[in-house]
Amino acid sequence: MRRLIKSAGLREILLPLGRMAVFVLGAGALMSVVMVVLALLCRGSGADKLLLSTQNVNIVFYTMANLPQVLIDGVTIGFVYAAIALGYTMVYGVLEFINFAHSEIFAIGAFAGVEFLIIMDKIGVLATSGTYGPYLYLTLALAIGMLAAGGIAVLIERTAYRPLRGAPRLVPLISAIGVSFALQDIIRLVESLTTGQFYRVIPTFGNFDDKILLFTIQTASAPIKVDIQVKSVIVIAAAVMMLVGLNYIVNATRIGKAIRSVAQDRDTAAIMGIGVNGVIAFTFLIGGALGGAAGVLYALKFTRIDPFVGFMPGMKAFTAAVVGGIGNLTGALLGGIILGMLESFAGAYLGTFTMGNFGSEYKDIIAFLILIIVIVFRPSGLLGEQISQKA
Amino acid sequence: MSLLELEDIHSYYGNIHALKGVSLKVEEGEIVSLIGANGAGKTTTLRSISGLLHPRKGKVIFRGKDVTKLAPNLIHKEGLGLVPEGRGIFPRLTVLENLEMGAFLVKDKAEIARGIEQAFTLFPRLRERAEQKGGTLSGGEQQMLATARGLMSTPSILLMDEPSMGLAPVLVDQIFDVIKELNAKGTTILLVEQNALMALSIAHRAYVLQTGTIVLSGAASNVAKDENVRKAYLGI
Ligand SMILES: Nc1ncnc2c1ncn2[C@@H]1O[C@H](COP(=O)(O)OP(=O)(O)O)[C@@H](O)[C@H]1O
Ligand SMILES: [Mg+2]
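Residue numbers (the working numbering), protein chains in the order written: chain A, 1154 to 1544; chain B, 12 to 247.
Treat the hints with caution; some may be incorrect.
With a Cα cut of at most 27 Å, we get these calculated DSSO-like pairs of lysine-lysine [to be verified]:
#, chain 1, residue 1, chain 2, residue 2
1, B, 88, B, 76
2, B, 68, B, 80
3, B, 236, B, 31
4, A, 1378, A, 1454
5, A, 1410, B, 144
6, B, 31, B, 70
7, B, 120, A, 1410
8, B, 118, A, 1410
9, B, 88, B, 191
10, B, 68, B, 88
11, B, 120, B, 88
12, A, 1410, B, 88
Honestly, the hints are just simulated from the structure, not real lab data.
Please build the complete structure, drawing on both the sequences and the hints.
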């Protein structure tokens, strides 16, 4: 039976699905427990009294009632971070180098997909596309975002990184930062040339903004509805499919084996007949494509994008990759989910627990605080190997 | 025509002139040893042949073809196998996967299976370790794996870089027995060694490399008799 699963390649599909479930449930459960314990400790505090007077609920009930929604939001954004983080971690895996331009690759994917949808909207096909049409156009937008971002990633590798291979470590890093700024301005230029504005808003179409009601929690005052937006379901489903696909490519195909061997020992891989340049380019292609798809999904979820849209998600995803253990694909997934959850929890509860002194705008601090704590205690990340083991 | 021929190779690391005009030949069916002290340029010579380092001057002719400027994967395709210095085992791939990597360009599944079976016959220890990660093997086992992996593509020449390095004497004997056996079955071998005594005992011909130049060459038995070689490398 085990043999059968292995030979069918089914294992490489079920395994990442299992890991995702464990990570989501694990991180979600852990943070929920921490939150409830915090709430219990805060009984009778100012925050508790404030909630009682304004909303007629105590802090423990408030915390628990909000948990489902917070978890759903955390998972959604967590999967987006995971998809971006994989781009950082894959490139690091083969080149031991942080591709700081990845956040702009993400932005280019977002713009390409959104521009396509805007054009479709202008020629009127989006509005008249029926029930399933919007899904077709969204799929096309994702494909276009992936192609654009993957293509740009390959181009950047070829022109800005490959000539610097063998140079001191800092040199390609500087090149990446330069590419990152250059791309931001190129996007701004192109977008403002066409319409005079450099931000874009994804057209409203299909039923993506609808909410699916999951359940209702009865309270003394107004009942709390727990629902999930259709677009959140799409973001999660698309991200899960891509992450499984990537895992399959890396672990169960010939090119995947080539990627893994180049990551472990480039020279030896070359003398085994592997075209190292091709493998590195391919790594940029799929890492970039994942980032581009994440860009389109991000635009779908948050609607407005500008040339700097990649910066924060990029930083968060980079943090996720480091927290999980840079170079490790499963680590990027774990890191992304943890970061998404943290952000969602911080965004939802920070204001309440501090009686508005620290609002949800401080949620980003939490992400970077976690980065610092993790790298102080585990420099190689949660699932990373000890540096000394790296040959 | 020789199987492999180096004509006046000059190789550099940045400004360091590591090979200063190396010429050598390997004929089909031979074991040729390249000996020399630490830092003489033995590894650099093998890197220059296999495409990992492109010489700035000179030519590498393999099977009648100029491969000097080819990428390593293309030279490998021409039929060249390398067992690198320090073995170059993929630490996070299993023994079996490491072997499969050696046959990366082989399309025929049956042929790969035959190669693996042959590797396990040559080194029964590897069969016991088949599912173990390469990085967890002992030094001797890693050398066996690197050698077996180098053979997976049935190369017409196998370059071996210090296979005896860091191994217990029993294992060194075992590796050298395998080299002889492989050669008897028809594999041409270019053997780089600091362990000159052993290398000269199994080779047909030998070259002595000193700070980037060949200082002596000839039949292995003659090289072994040379006054300077005996003093410098054989400790006699
Ligand atoms: N990566 C490198 N960068 C700079 N110099 C190197 C490098 N590798 C080897 N060298 C130098 O080239 C010379 C030959 O080295 P090598 O071929 O490794 O010698 P051997 O294999 O005979 O011990 C030595 O002087 C060594 O210091
Ligand atoms: Mg050496």
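Is it true that the CA of residue 1378 of chain A sits at most 27 Å from the CA of residue 1454 of chain A? Status holds; Cα separation ~20 Å.
Is the hinted pair residue 68 of chain B and residue 88 of chain B satisfied, with a Cα-Cα distance of at most 27 Å? 23 Å, holds
Starting from residue 88 of chain B, check that the Cα of residue 191 of chain B is at most 27 Å away, please. 24 Å, holds
Taken at face value, is the distance from the CA of residue 144 of chain B to the CA of residue 1410 of chain A at most 27 Å? 15 Å, holds
Is the straight-line distance between the alpha-carbon of residue 88 of chain B and that of residue 76 of chain B 27 Å or less? Holds, at about 12 Å.
Can you confirm whether the C-alpha distance between residue 68 of chain B and residue 80 of chain B stays at or below 27 Å? Answer holds: residue 68 of chain B to residue 80 of chain B is near 10 Å, not above 27 Å.
Agreement of residue 118 of chain B and residue 1410 of chain A with the hint, judged by alpha carbon distance not exceeding 27 Å: With a Cα-Cα distance of about 15 Å, the restraint between residue 118 of chain B and residue 1410 of chain A holds, given a limit of 27 Å.
Restraint status (C-alpha distance of residue 120 of chain B to residue 1410 of chain A at most 27 Å): 16 Å, holds
27 Å Cα cutoff - pair residue 236 of chain B, residue 31 of chain B: Cα-Cα ~26 Å, so holds.
Satisfaction of hint between residue 88 of chain B and residue 120 of chain B, Cα-Cα up to 27 Å: 18 Å, holds
Is residue 31 of chain B within 27 Å of residue 70 of chain B, Cα to Cα? 13 Å, holds
27 Å limit on alpha-carbon distance, applied to hinted pair residue 1410 of chain A and residue 88 of chain B: Between residue 1410 of chain A and residue 88 of chain B the Cα gap is close to 18 Å, so the pair holds against 27 Å.
Taken one by one, the earlier hints all hold for this structure without exception.
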